[in-house]
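Under UniProt numbering, the residues of the sequence shown are numbered 1 to 122, in order.
Watch out, some of these pointers could steer you wrong.
Unchecked claim - Dumping the calculated SDA-like pairs for lysine to any residue here, alpha-carbon to alpha-carbon at most 25 Å:
no., residue 1, residue 2
1, Lys-23, Met-72
2, Lys-23, Gln-11
3, Lys-45, Leu-17
4, Lys-23, Leu-59
5, Lys-23, Val-36
6, Lys-23, Glu-10
7, Lys-45, Pro-29
These aren't lab readings, by the way, just hints derived from the structure by calculation. All of these numbers come straight from a predicted model, not from anything done at the bench.
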Amino acid sequence: MVATNLALAEQHRCHQLKEACFKFLIDSPSNIESMVESDGYEHLKTSCPSVLNELAARLLPHEMKAAKQITMALRKLIKLEGLVHLMDDSFSIKIDVIVMKDICSKETTQKQFVVVPPGDLH
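Sequences and hints are given; from them, build the entire structure.
In structure tokens:
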């Protein structure tokens, strides 16, 4: 039932229903499992794949926040601008993301300065 509601919410641009469905799914992994096993899931997957992408982005751990923001920004760009390189209503993007939990740094005893040559504005 949730998959069907999500598809309807997306198709009719009902933001509140979509948010309520996302909240229901995110609150419990068993809700997601039930949705995936439902009949409406196949329809959702084929008719509104962007909804599943958005759900996946919301489920990413906090450490993946940058990747999540990039994904959401790309989705908005695609909706607003459209793409010239669409093939069969789809496209591929390759993004390499490196997640570091700790800052890696190395101390040095030498002072390092950036030398900028004077500009030639004559």
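**Request:** Could you tell me which of the hints above the structure violates, numbers in ascending order?
**Result:** none
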